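Bring the two chains, given one by one in their own frames, into a single complex with the hints.
Line order of the protein sequences matches chains A and B.
Each residue of the first sequence is one higher than the last, beginning at 1 in the numbering used here.
Each residue of the second sequence is one higher than the last, beginning at 1 in the numbering used here.
Everything labelled a hint here was simulated from the structure, so no lab data went into it.
Note that the coordinates shown come from a computational prediction; the quantities given were computed from them, not determined experimentally.
Please note: incorrect hints may appear among the correct ones.
[Stated by the list, open to error] No farther apart than 30 Å at their CA atoms in a straight line, the calculated lysine-lysine pairs in the DSSO-like style are these:
1. A:Lys36 to B:Lys76
2. A:Lys36 to A:Lys113
3. B:Lys76 to A:Lys51
4. B:Lys43 to B:Lys65
Below are the chains, spelled out letter by letter.
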Amino acid sequence: DIVMTQSPDSLAVSLGERATINCKSSQSILHGSNNKDSLVWYQQKPGQPPKLLLYWASTRESGVPDRFSGSGSGTDFTLTISSLQAEDVAVYYCQQYYNTPRTFGQGTKVEIK
Amino acid sequence: EVQVVESGGGLVQPGGSLRLSCAASGFTFSSYWMHWVRQAPGKGLVWVSRINGDGSTTNYADSVKGRFTISRDNAKNTLYLQMNSLRAEDTAVYYCVREEWSAVVGFDYWGQGTLVTVSS
Numbered sequence: 001d002i003v004m005t006q007s008p009d010s011l012a013v014s015l016g017e018r019a020t021i022n023c024k025s026s027q028s029i030l031h032g033s034n035n036k037d038s039l040v041w042y043q044q045k046p047g048q049p050p051k052l053l054l055y056w057a058s059t060r061e062s063g064v065p066d067r068f069s070g071s072g073s074g075t076d077f078t079l080t081i082s083s084l085q086a087e088d089v090a091v092y093y094c095q096q097y098y099n100t101p102r103t104f105g106q107g108t109k110v111e112i113k
Numbered sequence: 001e002v003q004v005v006e007s008g009g010g011l012v013q014p015g016g017s018l019r020l021s022c023a024a025s026g027f028t029f030s031s032y033w034m035h036w037v038r039q040a041p042g043k044g045l046v047w048v049s050r051i052n053g054d055g056s057t058t059n060y061a062d063s064v065k066g067r068f069t070i071s072r073d074n075a076k077n078t079l080y081l082q083m084n085s086l087r088a089e090d091t092a093v094y095y096c097v098r099e100e101w102s103a104v105v106g107f108d109y110w111g112q113g114t115l116v117t118v119s120s
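Just chain B, with the same shape it has in the complex (with noise of 0.2 Å):
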């Protein structure tokens, strides 16, 4: 059964950092693109970052760009997000999710979500 499961979300003051992960099991991490999306208290979904499965190729959404790090380590079948320099509006439930592109196309595994409250 495929999974991935969140962890190390928190209570963290402005400025400062959080390390986020997911271990995913269940199916050949390293032939899988990874995402982090994040969701606002009551607000919409917004893509935030995305790995290769060697982690050679990262992208970023322009509100975190040079801020957060995304990561993985294929031999633990773990994936990382690093954030640094955190504000008020980067808190949200922040989901990893697993991109899959042959006989379906999309975000078809989702976590169910840690929670980063950036606040003083």
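Looking at chain A on its own, in the form it has when it is part of the complex (with noise of 0.2 Å):
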């Protein structure tokens, strides 16, 4: 199975600031079809499911602000919240579908500083 490694645990971020979220795949998830990464990532509130927001490691699902960005290649990807809004807090999962299981990382929880 391929794992799915996210740092940090947690952060916490003053409004308007940048976050950043860091997720390893344990192997490359570059699907050859595309030469794309096969990685995306979701939020999720509390309680609420998770949100796609980005996919193929760096494209942005519609309706996602663009204050979120993906980033990576091979097996370092990472999730860029360039300025914190109030509504950003939440817990952030990368996942690959590469291959099945479906791996997600342990999830990156954001809150405001």
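Shown next, in the form of structure tokens:
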């Protein structure tokens, strides 16, 4: 199974400041057919199901604010929130869809400092 | 509007059984892989099982293999998860999830979840 490891487990950021979450896969998740990385980022707010934010590591889902961006390749990926808003308080998960089982990172909790 | 709505959760004793259902609407159900993902209280997301559109292919997490069975009824637009030999560690919210593989890729629609509690 591909192990997804996120860091940090939690972070506190001031409103308007940048938040950066890292995700590392235990092996390459490069999709052979399109040369893109098979990585998704989800946001889960308290009491709600997760919401898909980005796929192919960096493509924003429709309606997701452009302050959310994804980067990275190979085995190391990053989710950046460029200017943290109050509504961004949540737990963020990365997930690989390169193969089954579809493994998730352990989650990163983002709070306001 | 795409919707997936889970039901069937509840309190069950260790060793017992439960069947979860997920009613889907707003999309061509038979065209999609469907998954179950669970989340223990205060913990992270764990993939449980998946099934392809016509029900011919299924996969399971090692932790539930041999105890859980995923199935679907495309005529009823319903996904199921039969859970047998339940253990305390199966206690979680179970989400029914659609997987998209076209314009968007990933788990694009999630239900609100149904809570399964395994306890004596």
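Which of the numbered hints above does this structure break?
The structure breaks hints 1 and 2; every other hint is satisfied.
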